[in-house]
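Peer 1: Below are the chains, spelled out letter by letter.
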Amino acid sequence: MKVLTHNMMACTKKQCMGKGFPLGVECTESITLEQEFNYEFVKNIIPKLDWKGIQLIGEKLAITIPPFTEESLLDQEFLKSLYHLLCNVKIITGSLICPNCQRVYPIEKGIPNMLLREDEIYQDVRE
Amino acid sequence: MSRPEHIAPPEIFYDDVESKKYSSNSRIIEIQTKMGERAYELLAIPPSCEGLLLLDIGCGSGISGDVITDAGHEWIGCDISKDMLDVALDREVEGDVMVRDIGQGFPFRAGTFDGAISISAIQWLCNAEKSHHNPRKRLMVFFQSLFNVLARGAKAILQFYPENAAQIEMITTSALRCGFSGGLLVDFPNSTKAKKYFLVLFTGQNMLMPKAMGVDGAEEEEEEERNEVKNVNRRRDRRKGGKATIVKKSKDWIKGKKERQRKQGKEVKSDSKFTGRKRGPRF
Ligand SMILES: C[S@@+](CC[C@H](N)C(=O)[O-])C[C@H]1O[C@@H](n2cnc3c(N)ncnc32)[C@H](O)[C@@H]1O
Chain A
1 MKVLTHNMMA CTKKQCMGKG FPLGVECTES ITLEQEFNYE FVKNIIPKLD WKGIQLIGEK
61 LAITIPPFTE ESLLDQEFLK SLYHLLCNVK IITGSLICPN CQRVYPIEKG IPNMLLREDE
121 IYQDVRE
Chain B
1 MSRPEHIAPP EIFYDDVESK KYSSNSRIIE IQTKMGERAY ELLAIPPSCE GLLLLDIGCG
61 SGISGDVITD AGHEWIGCDI SKDMLDVALD REVEGDVMVR DIGQGFPFRA GTFDGAISIS
121 AIQWLCNAEK SHHNPRKRLM VFFQSLFNVL ARGAKAILQF YPENAAQIEM ITTSALRCGF
181 SGGLLVDFPN STKAKKYFLV LFTGQNMLMP KAMGVDGAEE EEEEERNEVK NVNRRRDRRK
241 GGKATIVKKS KDWIKGKKER QRKQGKEVKS DSKFTGRKRG PRF
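One line per chain: the protein sequences are A and B, in this order. First residue of the first sequence? That's 1 in the numbering used here, and the numbers climb one at a time after it. First residue of the second sequence? That's 1 in the numbering used here, and the numbers climb one at a time after it.
To be clear, the hints were calculated from the coordinates, so they are not data collected in a lab. Nothing here was measured: the structure is a model prediction, and the numbers come from that model. Warning: the hint list may mix true and false statements.
[To be verified] Residues on chain B that point at chain A, a partial pick, calculated with CB under 7 angstroms:
| no. | residue |
| --- | --- |
| 1 | V97 |
| 2 | R100 |
| 3 | H132 |
[What the hints assert, rightly or not] 30 angstroms max Cα-Cα, derived BS3-like pairs, lysine-lysine:
| no. | chain 1 | residue 1 | chain 2 | residue 2 |
| --- | --- | --- | --- | --- |
| 4 | A | K13 | A | K80 |
| 5 | A | K14 | B | K21 |
| 6 | A | K109 | B | K21 |
| 7 | B | K211 | B | K195 |
| 8 | A | K19 | A | K60 |
| 9 | B | K195 | A | K14 |
| 10 | B | K195 | A | K13 |
| 11 | A | K48 | B | K82 |
For every residue, glycine included, the Cβ atom is placed at its ideal position computed from N, Cα and C.
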């Protein structure tokens, strides 16, 4: 699971709607990828980022990103380190924890398992 | 032909063996890639626009996702089969993947994705795999959640294999009831083999439906334009008395046949200077 994915994820069990992020992170193994810096991508993703999530996972992985300010958009170094964190840092083993319901989602072989059990599924949608 | 959906639930059907077989079959790769490219084309993202974040629904081993990577975007994929996702890792796809049953909706924040594609996956939602599964409800959860995780103005293009008209109706109405506009687009509607169903969904209003491929008329025009010069003679022949003047196995007969096959969406070798030439003696 890339840091990018973590930043976009949320626990969407019914009682967690709007409150299920940022997911807590436990990490026992991570790797570094080598995707090339993509300026367009960083520029597009910045307005969507949850900076609380960036801070939370950065602390867990001991990677610090300077706080985002308006000047950050013109700061190549900032954009590069942000891209690196989002797209090149990948958690291989660990878990995600919903800040609202405390549900734990395991991460194995780099793949988070977000499958819900039958009793966790909300099916009372309008039909 | 039996449908995988009738054989076993997706996470059982796409087990270790099947996932590897599926992902290394060159014919499958070719077909899935083509459909992925068509879906991407239908998203109508301007060529100058790169670096978006897209969602691949039922991403499997990442064959459809590779199309997104090639177009210069990031993607996140969801699939219910761990084995398929393991193959995606073996294939070293650039996208990021997670295990999720799309009938449970998507575990993302609102407005995350600039667009979504799905290739050959959502027909699975029409089946009840578990006793507590209700296909209609699962489709509603799926589309509501999809609408939610897309950025406003984003589109979703979902290619699927409906089993019958009732499934098309069930899928399309569910989507439209969840806030999407758009509808069904059928490429090559007159060909049993090449016919492909795409659900074209807009989160915005007043969007124009794209044009289907291989529909009589539209395709003909295109085809004619391309063969303008080559066809002058044939057209003249037709006026004089039609097909009768075209000798079987002649250059024109072959080209005509090829053209008909192309219209049906079949794969046909492009014409070359050797087309319809007399071959030398065989040794
Ligand atoms: C024919 S494969 C297509 C894979 C990929 N999109 C491609 O083009 O190669 C269909 C995929 O849909 C997935 N699928 C079926 N039902 C699903 C569900 N309810 N949730 C998530 N994925 C599902 C299957 O596991 C399988 O990987």
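Peer 1: What hints, given by number in increasing order, does this structure fail?
Peer 2: The structure conflicts with hints 4, 5, 9, 10, although it agrees with all the remaining ones.
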